[in-house]
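Peer 1: These are the residues of each chain, in order.
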Amino acid sequence: MSLSDNIPSLTIAAVREGLLNKHFSAKELAERALKYAEAENPKTNAYLTLAPERALAAAAKVDDAIAKGGYVGVLAGVPLAVKDVIVTKGLRTTCGSRILEHYIPPYNATAVDRLEHEGALIIGKTNCDEFAMGSSNENSAFGPVRNPKALDRVPGGSSGGSAAAVAQGTAVVSLGSDTGGSIRQPASFCGVVGVTPTYGRVSRYGLVAFASSLDHIGPFARTVEDAATVLQVIAGHDDQDATSAFAPVDDYHALMREPASGIKIGLPKEYFDGLSSETGAIVDKAIRHLEKLGCQIREVSLPHTKYAVSCYYIIATAEASSNLARYDGVRYTIRTEAGTLADMYRNTRGAGFGAEVKRRIMLGTYVLSAGYYDAYYKKAQQVRTLITQDFREAFEDVDVLVAPVSPFPAFRIGEKVDDPLAMYLSDVYTLTGDLSGVPCMSVPCGESSAGLPVGLQVFTKHFDEATMFRIAHNYEQSRAQ
Amino acid sequence: MRLTDEQVRYVADLANLRLSDDEVVRMSHDLGQILTHIEQLNELDTSTVEPMAQVLFDAEETATLREDVPRATLGERTALANAALSGSGYFKVPKVIERS
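Going line by line, the protein sequences match chains A and B.
Numbered continuously in the working numbering, the first sequence closes out at residue 538.
Numbered continuously in the working numbering, the second sequence closes out at residue 117.
Derived from the structure by calculation, the hints contain no laboratory data.
Please note that the accuracy of each hint is not assured.
Below, simulated EDC-like cross-link-like pairs (lysine to aspartate or glutamate); rule was C-alpha separation at most 16 Å, straight line [what the hints assert, rightly or not]:
(1) Lys-84(A) <-> Asp-121(A)
(2) Lys-112(B) <-> Asp-400(A)
(3) Lys-109(B) <-> Glu-394(A)
(4) Lys-363(A) <-> Glu-60(B)
(5) Lys-435(A) <-> Asp-75(B)
(6) Lys-435(A) <-> Glu-60(B)
(7) Lys-321(A) <-> Asp-296(A)
(8) Lys-112(B) <-> Glu-394(A)
(9) Lys-473(A) <-> Asp-209(A)
(10) Lys-518(A) <-> Asp-75(B)
(11) Lys-109(B) <-> Asp-400(A)
(12) Lys-109(B) <-> Asp-385(A)
(13) Lys-321(A) <-> Asp-121(A)
What follows is a set of in silico ranges between Cβ atoms, one per label pair, in the way DEER data are often shown [claimed, not checked]:
(14) Glu-453(A) <-> Pro-68(B): 21 to 27 Å
(15) Glu-60(B) <-> Lys-349(A): 36 to 42 Å
(16) Ala-96(B) <-> Ala-395(A): 22 to 28 Å
All C-beta atoms, glycine included, are put in the ideal place defined by N, C-alpha and C.
Please model the complete structure; the sequences and the hints are all you need to start from.
Peer 2: The following block contains the structure:
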């Protein structure tokens, strides 16, 4: 294939084929992708930083390996965007926050190391809600991201830039992070594939901590196959992250191609209340499609779902209030001077953090404060046990759970910013995946009458990403025919 | 449930956050609203439920321990490169103890 008109629809396999058959070089591809990203970015604000030097240096290595018959990695020449909460050595990493506006990390996240080792070209760092706190990307200190499918609407959050970059086609794949739905919800809003692997499946080393017991790194892609390829590279134990799991990593490509027939799918009934009627109809159609593929469908119950928002906003904010204590005007470039150390801390943090981050630090500090710990934090941890048991019990009867990602498609920029509780409540279908740690993903399943994408959420048992990809890949492929 | 302005300022102090008067008013409303919603957890009897601090998987207790061998560290210059203010190999901060 020629390069000229295909940047927005390239896949990992197409890049490899083009490079190995000398249709284009990695350098040409990198230049093209960078030029395209630069031209498109004013429309969406998906990138905070472009990385031409890094991408071109990586491309030169790929071209050299191809010329000399050296190792050509599985992601050789693939344009990759990385959410700006994942650290990149020597490349500015802001977390969408003023307080890290000038921060240049001295090391790479493990996921970044592994992707670059396989030849991926990091073309830039993507915009996101400040410290990944938000569901619309409107909490970035550097301006909102606009949804490439409808520029007056949000791309979802917090990984809005990573979803938009892949939807817009400026990157073939991207990395995001998910603490309460921050990969799946923007994937759903932008019409791309987004994967939240099992907690511990991908090392968190170098993912700037928001809520450590809930944080995940995962991929965005335009196809299930590409998302599986990226996860295959970044999954697996890392001794830099004590919570990273030892479980062996399955061969996703081989297993996802098995037919879907016979797989037992549960529909958690609590996830189908309160849907917009259009989203409900699109998701229903997807379920009927899965039934035609030979899946056995039955209703199940996850009875503690309605407590997920309360549970999550205690645990996540408590952990965040502790994790964000490090931004104190000493180590991370920005300081607001004051006469005393305590005032310097307070002024730096008061000036450096945005409204949503302050709200969460305050809530987290309150629920951990003396006299409230048992009533809030311990209670939430107990409810987390109940939510996790719901999944365990459901998975005794079914292999997979299928549900909507969000009650509604992408909303208008500004529509929900003044009501934080309403924004939190809209995350209800995605929080449970993070709280329980099971793998989950969003795969596109249709569009509303206004042309807004809707995603289908697929959950499986801990470490059974292979079955999740199998359902999503079979669905995607048969739907495309 | 609503937090008083005084309670908000107390928590802000614990969190080392300077809030403007407007922010205090807004915060007392927003936190009150969220905490009211969170009260729904009291519907659940959790007296016999173990708290879950972390997603845990089967592994040897010592699985996460590695060999105790020295590894290269960042080094002083690199570690200080992002400091707001540094000097003589240290992070510099406002004076903490006044001499009388």
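Peer 1: For each hint given before, does the structure comply? Return the numbers of the non-compliant ones in rising order.
Peer 2: Hints 5, 7, 13 not satisfied by this model.
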